[in-house]
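Protein chains in written order, with the working numbering: chain A, 1 to 114; chain B, 1 to 114.
Worth flagging that the hints you see were computed from the coordinates, not collected in a lab. Some clues are possibly wrong.
Covered stretches of chain B (chain A as the covering partner; in silico rule of three or more C-beta atoms under 8 Å from a C-beta of chain A) [to be verified]:
#, region
1, 45-56
2, 104-111
Calculated cross-link-like contacts (lysine to any residue; reagent style SDA-like; alpha-carbon spacing at most 20 Å) [what the hints assert, rightly or not]:
#, chain 1, residue 1, chain 2, residue 2
3, A, K42, B, I26
4, A, K106, B, S38
5, A, K68, B, G100
6, A, K37, B, Q101
Note that the structure is predicted; figures quoted are calculated from it, not measured. Note that CB positions come from ideal geometry on N, CA and C, so glycine has one too.
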Amino acid sequence: GENVEQHPSTLSVQEGDSAVIKCTYSDSASNYFPWYKQELGKGPQLIIDIRSNVGEKKDQRIAVTLNKTAKHFSLHITETQPEDSAVYFCAASPPGGSQGNLIFGKGTKLSVKP
Amino acid sequence: GAGVSQSPSNKVTEKGKDVELRCDPISGHTALYWYRQSLGQGLEFLIYFQGNSAPDKSGLPSDRFSAERTGGSVSTLTIQRTQQEDSAVYLCASSFPGIGQPQHFGDGTRLSIL
Numbered sequence: 001g002e003n004v005e006q007h008p009s010t011l012s013v014q015e016g017d018s019a020v021i022k023c024t025y026s027d028s029a030s031n032y033f034p035w036y037k038q039e040l041g042k043g044p045q046l047i048i049d050i051r052s053n054v055g056e057k058k059d060q061r062i063a064v065t066l067n068k069t070a071k072h073f074s075l076h077i078t079e080t081q082p083e084d085s086a087v088y089f090c091a092a093s094p095p096g097g098s099q100g101n102l103i104f105g106k107g108t109k110l111s112v113k114p
Numbered sequence: 001g002a003g004v005s006q007s008p009s010n011k012v013t014e015k016g017k018d019v020e021l022r023c024d025p026i027s028g029h030t031a032l033y034w035y036r037q038s039l040g041q042g043l044e045f046l047i048y049f050q051g052n053s054a055p056d057k058s059g060l061p062s063d064r065f066s067a068e069r070t071g072g073s074v075s076t077l078t079i080q081r082t083q084q085e086d087s088a089v090y091l092c093a094s095s096f097p098g099i100g101q102p103q104h105f106g107d108g109t110r111l112s113i114l
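Chain A with its partners taken away, still in its complex shape (with noise of 0.2 Å):
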């Protein structure tokens, strides 16, 4: 079955730098990739998702990128804030089973001091 890695665990950076956070998928049928952001005692909240027949999305500060042919997607958010700071999971979708089941990697704590 599908097995998503993330890396790093933690990230810390200066308010104003930019961060990076990288996952890996082993299914290449899987085709859709959302990122969570999490905060404490609260639920995931989706902040970016892209398709596999898209190799880049936007929104404000933050990046996905996607490569299919290396099977990894990553996360960039630039211009760092310290209300960035919260537990960050990428997934990914892979076909069949429950049409919409999500394969989480084990989430990167990010750190941003003012």
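Take the given structure of chain A and dock chain B to it, following the hints.
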């Protein structure tokens, strides 16, 4: 609009007791998912509903776990004879059906087994 609602937000119970967790999805979302998040870990898929049917129960860890959904809306996850290893945050998500539909999460139920 109203998001995914889960109750209770916290549950503390003794080992061996049964517990019931509730999820009220976003109106119109026919797909519903249960995930489990252990301390510092990613999200582990448990079960998927499409309407009232559960075509994928592959993530349920044992026969002590069961779930149902009635009226295509509210779902309950039941854990019988709870064990300490059941302690985790149980998250519910809902979406429109099909692969690539964004899943929206509730804030979860934090379950602690004494």
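Verification of the supplied hints:
Beta-carbon proximity to chain A at under 8 Å applies to 5 residues in the region 45-56 of chain B; the threshold of 3 is reached and the given coverage holds. Counting residues of the region 104-111 of chain B whose CB falls under 8 Å from any CB of chain A gives 5; the rule of at least 3 is met. Between A:K42 and B:I26 the CA atoms are separated by roughly 17 Å; this keeps the pair inside 20 Å, and the hint holds. Between A:K106 and B:S38 the CA atoms are separated by roughly 10 Å; this keeps the pair inside 20 Å, and the hint holds.
For a cut-off of 20 Å, the pair hint linking A:K68 to B:G100 stands: about 16 Å separates their Cα positions. For a cut-off of 20 Å, the pair hint linking A:K37 to B:Q101 stands: about 17 Å separates their Cα positions.
This entry satisfies every hint, going by the numbered hints stated previously.
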